[in-house]
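S.K.: Each chain, letter by letter, is given below.
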Amino acid sequence: MKIMRALMVTAAVLTVACGGGTPAGNATAPQASKELQINGAGATFPYPIYSKWFSEYNTLHPEVRINYQSIGSGGGIRQLTNQTVFFGATDGPMSEEQLKAAPGPVLHFPTVLGAVVPIYNVPGIEGDLRFSGAVLADIYLGKIKKWNDPALAKLNAGVKLPATDITVVHRSDGSGTTFIFVDFLSKVSPAFKEKVGVATSVNWPVGVGGKGNEGVAGLVTQTPGSIGYVELIYAKQTKTAYGAVQNAAGEFVKASVEAVTAAAAEAAANMPADFRVSITNAPGKTAYPIASFTWMLLFENPTDKAQSAAMVNFLKWALTDGQKGATELGYAPLPASVISLEQAALAKVKVS
Amino acid sequence: MSHTAYRTLLSRLFVGACGLAVLVALIPLAFILFFVVSQGFQALNLDFFTHMPKPVGQPGGGMANAIVGTLILSGLAALLAVPVGVMSGVYLSEYPQTRLASAVRFASDTLNGVPSIVIGVFAYGLAVLPFKQFSTLAGGLALGIMMIPIVTKTTEELLVLVPGSMREGALALGATRGRAVFSVIIPAALPGIITGIVLALARIAGETAPLLFTAFNNRFFSTSLTQPISSITVQVYTYAISPYEDWHRQAWAGALVLITIVLVCSMLARLATSRVSRLRTR
Amino acid sequence: MRARSQDLGFRLTTGAFAAALAAIVIGVGVALVSQSWLTIQKFGLGFWSTSTWDPVAGDFGALPFIWGTLYSSILALLIATPIALGIAVFISELCPARLRTPLVFLTELLAAIPSIVYGLWGIFVLVPAVRSLQTHVPDALRALPIFAGPPLGVGMLSAALILAIMVVPFTSSVAREVLKSVPVTQREGAYALGATRFEAIRAAMYFARTGIVGAVMLGFGRALGETMAVTMVIGNNPQVSASLFAPQYTMAAVIANEFTEAADALYLNALVEIGLVLFAITLVVNGLSRLLIWSMARGARGPRRKPAGAAA
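Residue numbers (this note's numbering), protein chains in the order written: chain A, 32 to 383; chain B, 1048 to 1329; chain C, 130 to 441.
Bound-form chain A, shown alone (with noise of 0.2 Å):
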């Protein structure tokens, strides 16, 4: 036996000895004293800010680490059904049904607003497109093939299109940007509703997958002839030209941190108590019309307390001081309607 336990001890030492060393005197890596680990887990959608967020709030709360990795509304929704994160995040409120699936109550609570835009590398065209809910249906469907069809022609007088196809990128993985996405198409388009759906992950007919927001705009920046959607962040971040789309009222709106906030103005003033609310398509002359609010999930009763009252604090932190952090990163801040509400709300979580 003394034999397996050298072996052992060797192979230690090379695993240490191959990793080409180990950062040594780690001055950023936190002491291990007392602190609380949350794990979380879903939408990519509100990655940008939920990850400055927690940063920020580790500052503050250094024994506070929240983790979050953004692995799709879908996968938020599930782990958190499953147990294997303590809260989820999802940019599509949670069905009926899966709020049944789940093994307890699960409240939704608002953190921003944001927008999802159609995305393009159209080679020669520099300026914006124009968009009509229909027309993006269409191509998602299939039904338009080329940047010149007559129908993208007709909303871009003066813009010469080129004859090349449109190639569809759409996400791979289940995806909170998607559900918003299809909503909006569903709404606009009785063809798109009856064949695709609304879901967190659908059935695409035609185009190429791309994992995650990122994965999204990854595909379309490299690949000439495409169209895609991905959150508004993520298409300011990559510089990638992204369009204007018309709204209910028939102007063509351009996301924008106003126009997002005038398509909540609405759902703000008769909010569900529960917050399960669509904005897509919203009435207004200056809405954006694929709007929603992302939410994140948490259980009424956690079985453990101690990180259920640090997230509680979060989101307290996270619904007033956080909120100025949002403009910055082209989301929308909450209205102040729904943050009291919300502050209200949270005394549902069990804390003790």
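In case anyone wonders, no lab produced these hints; they're calculated from the structure.
Being a predicted model, the structure only gives us computed values, none of them experimental.
Careful, some of the hints might be misleading.
Stated by the list, open to error - Some chain B residues close to chain C (C-beta under 10 Å, calculated; not the full set): (1) L1060; (2) V1071; (3) F1078; (4) H1098; (5) G1107; (6) I1166; (7) R1226; (8) M1314.
Said to hold, decoys possible - Label-pair distances were calculated between CB atoms; the ranges are: (9) A:E331 <-> B:E1204: 51 to 61 Å; (10) C:A394 <-> B:Q1089: 43 to 53 Å; (11) B:L1060 <-> A:N234: 25 to 35 Å; (12) B:K1179 <-> C:R338: 47 to 57 Å; (13) C:V162 <-> A:N179: 50 to 60 Å; (14) A:N179 <-> C:P267: 15 to 25 Å; (15) A:P303 <-> B:K1179: 41 to 51 Å; (16) A:A375 <-> B:K1179: 46 to 56 Å; (17) A:E128 <-> C:T181: 13 to 23 Å.
By construction, the Cβ of each residue, glycine as well, lies at the ideal position given by its N, Cα and C atoms.
Starting from the known structure of chain A, arrange chains B and C on it as the hints suggest.
M.R.: Chains B and C alone, transformed into the frame defined by chain A:
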């Protein structure tokens, strides 16, 4: 053309084609190494080893947590695979003709061929779902399972090579079989076995698929066995499919670190084997 | 007496570890079956012959993944096999002794590069190259189904090329071993009869044919299960298409992409069932290839596993 000339020509062509095949295979190798080294070298700096990942959109940061994560995961894997692998190897070499031995040999070969992603699915069901927690242990388990057949095979092959006279000598001196194996035969084959273990470690340190839903990933520096942990491979994957230039650079740097691990390990192994074979031929 | 009971103890201890190894394999099989029971019952064999993958409606058919897996693996084999055999022959029969060790080392290095590094390289180097190749395919050819589709770069061809590079070292190293086991008398006999180099090697390869088929199948097994590099370049779109340029999907890739986010039990079961079949296929392919290599080695060397001392 005479028939003989034709045959000679054909033979020359064949020899040429074989040489060409070697070149064709070495071109992608050169390409890959060139890109990984040139791209990775630009992005590699001290921060990469000592800093944590930054939030999206903020440049800089490193993979300190992922590097430590990979080391811990590989260590755990070895902890599982070395005892099971070496002992199974001992059994196979000592009792090669038993029915259990054939079954185990087949199982080991099978396990070696099972796609790593399937091992991940298995480890998820075994070590993630029941405990409701992605964890370092689950990741180590998945990697360990992948490592077992490699260690088993190396051990068996090397023990069989140990001259029978050594074993007979030990037995003649009144040693039990276990004593003979552990104090005479294994020590004789030890350098080779360790080489095999190092190579196996190099291979599993480069695995990504089995970690995706076992060890998961962690933004923070963690050494806890019951929490998710980051690894170089998963981090490279996350960065590679992202749209951010800065993350792409980090992905290349991660790839360079991985390749270096593999290279250093195989060189070490090569050195050790050449020494062993010299000893043996003496 | 004491010695014998200690021997028994030794045998039982080592045997227990060995049995644990076998138990893991059985455990994998059992776990996969039990976790995919829902879809096995619901869809039966239809799961493998329908091509709708619709998580919304809860309708799952795995045909596109089987198709993508087989297409990419077979294509990769077609590219890799001649190269791998060429390398094996060159190293074992033709090259100067001084070159042998470095060449073996380099081809083994190809096998040691982690899959994720291949994928990274694939995304940033191979995919753009394939895309520009595709834009240079003449229109007349692009009308053919095999070259159809927009120039994406990601797709079947990229996946098959990456796989081919990854499979070459596996096939060539086994083929090398197999060729080594061909008795020298075979070649000497051929030379004595006035054979050219090619003819002598051909005779040796013919002698070793079962083992070589085994080596190729081993490469096939690798290609079937490869995950990361493929998922990064194949385009991840479940469709049955003949086009080399079409984005498609493989069994391993769909598990990697969708496993953490399968939102309901049926969806998850569908993914695990894909894993189960992947497991079963690799079991068969590996079993067969080992059998071939083994029977070949046995034929060449006589009964295997002579006591090591006796041979000398």
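S.K.: Work down the list of hints and note, for each, if the structure agrees.
M.R.: Quick rundown of the hints versus the structure:
{"no.": "1", "hint": "L1060", "in the structure": "8 Å, holds"}
{"no.": "2", "hint": "V1071", "in the structure": "5 Å, holds"}
{"no.": "3", "hint": "F1078", "in the structure": "7 Å, holds"}
{"no.": "4", "hint": "H1098", "in the structure": "21 Å, violated"}
{"no.": "5", "hint": "G1107", "in the structure": "20 Å, violated"}
{"no.": "6", "hint": "I1166", "in the structure": "7 Å, holds"}
{"no.": "7", "hint": "R1226", "in the structure": "8 Å, holds"}
{"no.": "8", "hint": "M1314", "in the structure": "9 Å, holds"}
{"no.": "9", "hint": "A:E331 <-> B:E1204: 51 to 61 Å", "in the structure": "58 Å, holds"}
{"no.": "10", "hint": "C:A394 <-> B:Q1089: 43 to 53 Å", "in the structure": "47 Å, holds"}
{"no.": "11", "hint": "B:L1060 <-> A:N234: 25 to 35 Å", "in the structure": "52 Å, violated"}
{"no.": "12", "hint": "B:K1179 <-> C:R338: 47 to 57 Å", "in the structure": "53 Å, holds"}
{"no.": "13", "hint": "C:V162 <-> A:N179: 50 to 60 Å", "in the structure": "53 Å, holds"}
{"no.": "14", "hint": "A:N179 <-> C:P267: 15 to 25 Å", "in the structure": "22 Å, holds"}
{"no.": "15", "hint": "A:P303 <-> B:K1179: 41 to 51 Å", "in the structure": "30 Å, violated"}
{"no.": "16", "hint": "A:A375 <-> B:K1179: 46 to 56 Å", "in the structure": "30 Å, violated"}
{"no.": "17", "hint": "A:E128 <-> C:T181: 13 to 23 Å", "in the structure": "20 Å, holds"}
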